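**Student:** Here is what each chain is made of, one letter per residue.
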Amino acid sequence: AQSVAQPEDQVNVAEGNPLTVKCTYSVSGNPYLFWYVQYPNRGLQFLLKYITGDNLVKGSYGFEAEFNKSQTSFHLKKPSALVSDSALYFCAVRDIPTGANNLFFGTGTRLTVIP
Amino acid sequence: GAVVSQHPSWVICKSGTSVKIECRSLDFQATTMFWYRQFPKQSLMLMATSNEGSKATYEQGVEKDKFLINHASLTLSTLTVTSAHPEDSSFYICSARDDGFGYTFGSGTRLTVV
Numbered sequence: 001a002q003s004v005a006q007p008e009d010q011v012n013v014a015e016g017n018p019l020t021v022k023c024t025y026s027v028s029g030n031p032y033l034f035w036y037v038q039y040p041n042r043g044l045q046f047l048l049k050y051i052t053g054d055n056l057v058k059g060s061y062g063f064e065a066e067f068n069k070s071q072t073s074f075h076l077k078k079p080s081a082l083v084s085d086s087a088l089y090f091c092a093v094r095d096i097p098t099g100a101n102n103l104f105f106g107t108g109t110r111l112t113v114i115p
Numbered sequence: 116g117a118v119v120s121q122h123p124s125w126v127i128c129k130s131g132t133s134v135k136i137e138c139r140s141l142d143f144q145a146t147t148m149f150w151y152r153q154f155p156k157q158s159l160m161l162m163a164t165s166n167e168g169s170k171a172t173y174e175q176g177v178e179k180d181k182f183l184i185n186h187a188s189l190t191l192s193t194l195t196v197t198s199a200h201p202e203d204s205s206f207y208i209c210s211a212r213d214d215g216f217g218y219t220f221g222s223g224t225r226l227t228v229v
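Residue numbers (the numbering used here), protein chains in the order written: chain S, 1 to 115; chain Y, 116 to 229.
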């Protein structure tokens, strides 16, 4: 069965510093991987996805993530954090070989960017 | 890009009444939509997969008679919470698969049952 782990419930970073939000996954084959951001009382906004191809994926708002197959990781990164990046971040996976149609989500990481 | 509209954004209802939540794909056809429930400070829990023109597929532990899902067209899926009780209070989010291997989410519905 598929699983997604976001080992950090909370990440704090100073404004202007680089940020990393960690995600590891477990699937039966090659995954589709996604990052979403959620602001209070809002739905999820798409940041980026990895389907195939280049392991470094660039997404919205200056975010990027690197697919690392050997470490089964898909960490989200940004070179310089903004206060407006403070939100809840979810990593998600779709386990293609199982035929699953839906996304399976991690537990989320709350990012706080300190001015 | 793909847009999913979800209404209402919030609703307060009395215990025992039913509430309908709509999820529309505005600029693409969605043969499959998903309904999630999110508890405070927790992740999204998949409730059911809604397929256009057929019965929804419910996840284990989700009462299909309580959470009625209808996907009558390629752009509209509805979730009806029947005979709502305070424990049904939650944040409900719909999602649709777009045509670019992605998933677009609605803005969510905050349901409060009093």
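Check before you lean on any hint, since a few could be wrong.
Listed below are the simulated DMTMM-like cross-link pairs for lysine to aspartate or glutamate, each with C-alpha atoms no more than 25 angstroms apart in a straight line [said to hold, decoys possible]:
(1) K156/Y - D85/S
(2) K129/Y - E178/Y
(3) K22/S - E8/S
(4) K49/S - D213/Y
(5) K156/Y - D54/S
(6) K49/S - D142/Y
(7) K58/S - E202/Y
Pairwise CB distance ranges, derived in the manner of DEER restraints [to be verified]:
(8) T107/S - L183/Y: 38 to 48 angstroms
(9) P18/S - S188/Y: 39 to 49 angstroms
(10) V83/S - S198/Y: 38 to 48 angstroms
Derived from the structure by calculation, the hints contain no laboratory data.
Everything numeric in this text was worked out from a predicted model, so none of it was measured.
The C-beta atom is built at its ideal place from N, Cα and C for all residues, glycine as well.
**Student:** Hint by hint, note whether the structure agrees.
**Tutor:** Outcome of the hint check:
no. : hint                                : result
1   : K156/Y - D85/S                      : holds, 18 angstroms
2   : K129/Y - E178/Y                     : holds, 20 angstroms
3   : K22/S - E8/S                        : holds, 7 angstroms
4   : K49/S - D213/Y                      : holds, 13 angstroms
5   : K156/Y - D54/S                      : violated, 33 angstroms
6   : K49/S - D142/Y                      : holds, 20 angstroms
7   : K58/S - E202/Y                      : violated, 40 angstroms
8   : T107/S - L183/Y: 38 to 48 angstroms : violated, 29 angstroms
9   : P18/S - S188/Y: 39 to 49 angstroms  : holds, 46 angstroms
10  : V83/S - S198/Y: 38 to 48 angstroms  : holds, 44 angstroms
In the structure shown, a violation is registered for the earlier hints numbered 5, 7 and 8, in ascending order.
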